[in-house]
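**Student:** Chain by chain, the residues:
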Amino acid sequence: MQNLRILGLFARTQFLRSLAPRQSWLVYVFTLLPSFVALAIGLNARRIDAEGVAMHLSWFLFLQVVVPLVTLLAGQAVISREVDDRTITYLFSRPISRPAMFVGRALGALGFTALLLGAGALLLCYAASFAPQGLVPNPERFPLAPWSGDGVVLPILGAVLLGSLAYTLMFAALGVFTRHPMILGLLYTFAVEGFLSNLPGSNQALTVQYYLRSWIAAHGAQGWSKLEGFGLADFQSPAGVLLRLGLLAALALALGSWRIRRKEFVLSS
Amino acid sequence: MSGALLSAQGLSRWYGPVVGVNDLTLEVDGGIVGLLGPNGAGKSTFLKLVAGEIRPSRGSVRVLGFEPFANREYFRVLGFCPQQDALYEELDAREFVSFLLRLSGFDAREARSRAERALERTGLADAMLRRTAGFSKGMRQRTKLAAAIAHEPRFLIVDEPLTGLDPLVRTEMIALFQELGREGVHILISSHVLHEIESVTQDILLLHRGRLLAQGPVPEIRKLLSRYPHKVEIHARDARRLARALLELEGTSTVHVAPEGGRLSIETFDLARFHAELPAIAARERAGIHTLESTDAGLDAVFDYLVG
Amino acid sequence: MKASTHTEIYRPFRGTLAARRSRWKPLALSTLRGALRKKLPLLLFAPPAIATVIFSFVVYAKFALEAGTNPLPGTEDGRASPMAAVGGMAGNLIEVRTQIIGFHAAMDFFVLLIVAWYGSGLIAEDARRKAHLLYFARPLTRLDYLLGKWLPLVLMGACGTLLPGLVICSVAAFASPNWSFVTQEGDTILKMIAYSLVSLVVQTSIVLAISSLAQRKTHALAVSLGCFALLGGLGSMLARLVHEPAWNLLSVFGCLRRVSAGLFDVQRILHFRANWSLAATWFVLAGWVLVAWVVLFWRTRRLEQNG
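Chains as they are written, first to last, in our numbering: chain A, 1 to 269; chain B, 270 to 577; chain C, 578 to 884.
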């Protein structure tokens, strides 16, 4: 019960802390950029439809760049910011369960990234709908458009939320294991997720991106398969995606909790 | 194991090739204890070990019967005020202390009222609703101390609390430590400011190059330093006559009379005998002693002799 | 005594400086020393070093094959074999210019990694640790400070692009018969130097500007890589989406490749078609550099005045 209380306290403080624009302006900029681009294209382009704008921007920018970067910035800060700022001493000299602290913070960060990126994805779709041949979602009916039928908005939203879950918790755990989670996270984002996921063959299954694509492929409209690099692999079933990404998230939480229990953070004076 | 507040057996901690503390074996009974040593002596490492922030590389340490590292039961009775000035800059002082109190198990209301009391006690009543980002060094120090004492710990560790503070704040801090000591809180306090430590406590641990150089009340440590003669300064009406008589006293090594007369500096290896015989000598020689002072019985001298 | 107010904590130096210039030198040297202190990040130079060896060998092999000799000593003598003729033809097909273009295109990302790694913390960490207070308490101008940070960064970046290019050109010069590479394709060397400098100036300026805006090195690193990736992705995606190659102007790497194509007079770099206005590309790159330096001066001024 005490652990749950601590977990909740940390989740709430981490979430509120992340929301503060002073701390997270960078994350907001990254998240909103594709929406601005979508709006600019939607308002100015002549030969393009809303579906195309939403799919291209969410696939090439949002899922492959913005989601990993935003979750990296938010996830790695769960522990490493405390270490960098040398405030972790205050936490580790209190009678709290360290795993509860880690899980609470990680879930707080997850809440923030899921909310922000989810909102960013919806905003992107909304901005895209201003394209002259706005197919889905129709700006007049948004947000009451029949999303489930359009094969664009819901798949994007689902993939973004799943990506937030997997990446945020992975990067949070990374922050427990290493003093330089940002560097390793960037290497992972660009070298593994950016490179491996675009190679043909079964290597793709080693990346989170592959499962996000699988999710979209299972729920998305025909237009998705025309995107470059999208149809390079046999996709997982939605149940398989949920199972694997859920396992990955749980594993990240478990490993982070296990490591932080006895880890000492040596701060220089 | 005795009922000591703190005991260490062969306690060592190193960071790669750098030795923090090396083979410390000691026992501390309680009360207020000053932890002294020059820069790089291992004070902060020792405090981190005692505070459970880091683990020993070798040996063991127990505080109030607990092994400190990551021990939640121990953290219930511990108050730790670290050296670094870091605070949660986005919070105000009351929020900061309340948050840490909530981690100690208090509910929101209790945490808030305790935080306010602790901040009042450290003299931050007027600034408790200001964001800590704009705090001065002294205010940060007070905030940290408030956070460390707000849950009424049995044992308080304070790392360099007086460094960088103005004289007024120093005096207030010292008064607070004395008050806490009177309330029965055991305090381990590290500092470079020797005379101020001396005004808080006579019990010290002296570290140098990671090793324990001395431990105990300052006057007793001084007595153990028999290699160095004790220095006594006397102001007397007839200093020359008294000097002559004192030179014949066993144990006296040198007697120096100031050129202007009236002031005598004496060095003796047998301070007890000197004090026992002095009244009789002074009466016999009609020296007319005004003042008598031991000039190297203090912490400064002990520190100099041991470290210098 | 005349009353005065002092609203700036650290005031810029307003006296007369002695004739000695280059006050940025000590700062640049200490920046360089600081950068080289950690050994592990030097691994970032491994990919350009390995690529230099490979590309140099290919260039050497070109001239060896053209001359009809075997580029791998100890194996079959190519001169006597029918393969020698094939080798000669193959040698003719390999162009040093193409190798240099390919090298730069392949190494762009690694050069960015080097520049981002070493450049991200240069100003951000100064501001975080308040080290700039020490610098600006001395007669150091803003330009001195910026040069002291920027030039070492350019030097580090040059080790990943300019230096390897020079090595490849040197191999070509020495391997070519009668210095034919220098006499016939001497302009390739100048173009290689020009491209390397443009690439370095653009990348280092942007990274340093981001460093001046960020609160931490790690944030600056993420934003630097993120910006290049986002803009690159955005540019190529929009070019594809609306069938208008000019959108590639958004991508810094796209612009650099267009410059490379323009300088070396080719239509394609790897699979990348450079089919939009070169003048606009120069304009965009100049704009990036200008904005970066405006940001740098603005942020440095704030550091100088507000502490």
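Keep in mind the hints are simulated off the structure, nothing from the lab.
None of these values were measured; they are calculated from a predicted model.
You may find that some hints are simply not true.
Pairs of lysine-lysine, DSSO-like flavour, derived with a Cα cap of 27 angstroms [stated by the list, open to error]: (1) C:K615 with C:K707; (2) C:K615 with C:K602; (3) A:K263 with C:K615; (4) C:K616 with C:K602; (5) C:K602 with C:K707; (6) B:K406 with C:K707; (7) C:K616 with A:K263; (8) C:K707 with C:K768.
**Student:** Could you work out which of the previously given hints the structure breaks and list their numbers from low to high?
**Tutor:** 8
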